[in-house]
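S.K.: Starting from the given sequences, assemble the full structure and let the hints guide the process.
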Amino acid sequence: MKREMIPSFAELEQHKRLIPEINPAAVMAMLNIKTVSEEIQQTILDVIQQTYHLSEGKFCTLIVLHQQGTHGIAPSMLAEKVGVTRATISNMLQRMERDNLVTIRKAQSDGRSKVVCLTDEGTRLMEEILPPHYLRVSKLMEKLTTAEQKQLISLLEKLSA
11 MKREMIPSFA ELEQHKRLIP EINPAAVMAM LNIKTVSEEI QQTILDVIQQ
61 TYHLSEGKFC TLIVLHQQGT HGIAPSMLAE KVGVTRATIS NMLQRMERDN
111 LVTIRKAQSD GRSKVVCLTD EGTRLMEEIL PPHYLRVSKL MEKLTTAEQK
161 QLISLLEKLS A
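Note that the sequence shown ends on residue 171 in our numbering; no numbers are left out.
A portion of the hints provided could be inaccurate.
Claimed, not checked - Using 20 angstroms as the maximum straight-line C-alpha spacing, the simulated SDA-like pairs for lysine to any residue come out as follows: (1) K44 - E21; (2) K124 - Q104; (3) K91 - H81; (4) K149 - E131; (5) K44 - K124.
FYI, nobody ran anything at the bench for these hints, they're computed from the structure.
M.R.: Rendered as structure tokens:
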């Protein structure tokens, strides 16, 4: 579902009359970044959801766990990296453990702490998902030259700094 939320330049100019500091080009640029980002994300996630029956949260969780390798990660740190609450990650991990994608064990350093790791099945799933996922992302970015991609990365980093 595409949302139409970008105001016209003329509409922004009207708001600028009330608040002169408004920069219509900046507002339009940011709203376009947000819209395009959502469209790209939805395009990519649709495949993950339809093909592998994974929600965005589970997919992001699996990516973080895959990056951790056999070391694993504490559930609280996992929640932080995925950008969800501890309660959300706890519920998600229970379902993923039931589906044999993750294992939750006591930490070696502190028996009261827990560590989450991918199971062999979870690792195999990620090794099946990631190469075509990165290919889809690469195909989406083919509209830009390598130089433009590097410039975009630089500009986005500048915005987020």
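S.K.: Would you check the hint for K44 and E21, treating anything up to 20 angstroms between C-alpha atoms as holding?
M.R.: 19 angstroms, holds
S.K.: With the threshold set at 20 angstroms, check whether the alpha-carbon distance from K44 to K124 stays at or below it.
M.R.: Answer violated: K44 to K124 is near 36 angstroms, above 20 angstroms.
S.K.: Take a quick look at whether K124 and Q104 sit within 20 angstroms of each other, Cα to Cα.
M.R.: It holds: about 13 angstroms lies between the C-alpha atoms, which stays within 20 angstroms.
S.K.: Does H81 sit within 20 angstroms of K91, going by the straight-line distance between their CA atoms?
M.R.: 16 angstroms, holds
S.K.: K149 and E131 were given as a pair; does the straight-line alpha-carbon distance stay at or below 20 angstroms?
M.R.: Not satisfied, since the Cα-Cα distance of roughly 28 angstroms exceeds 20 angstroms.
In summary, the structure is inconsistent with hints 4, 5 from the numbered list given earlier, while agreeing with the others.
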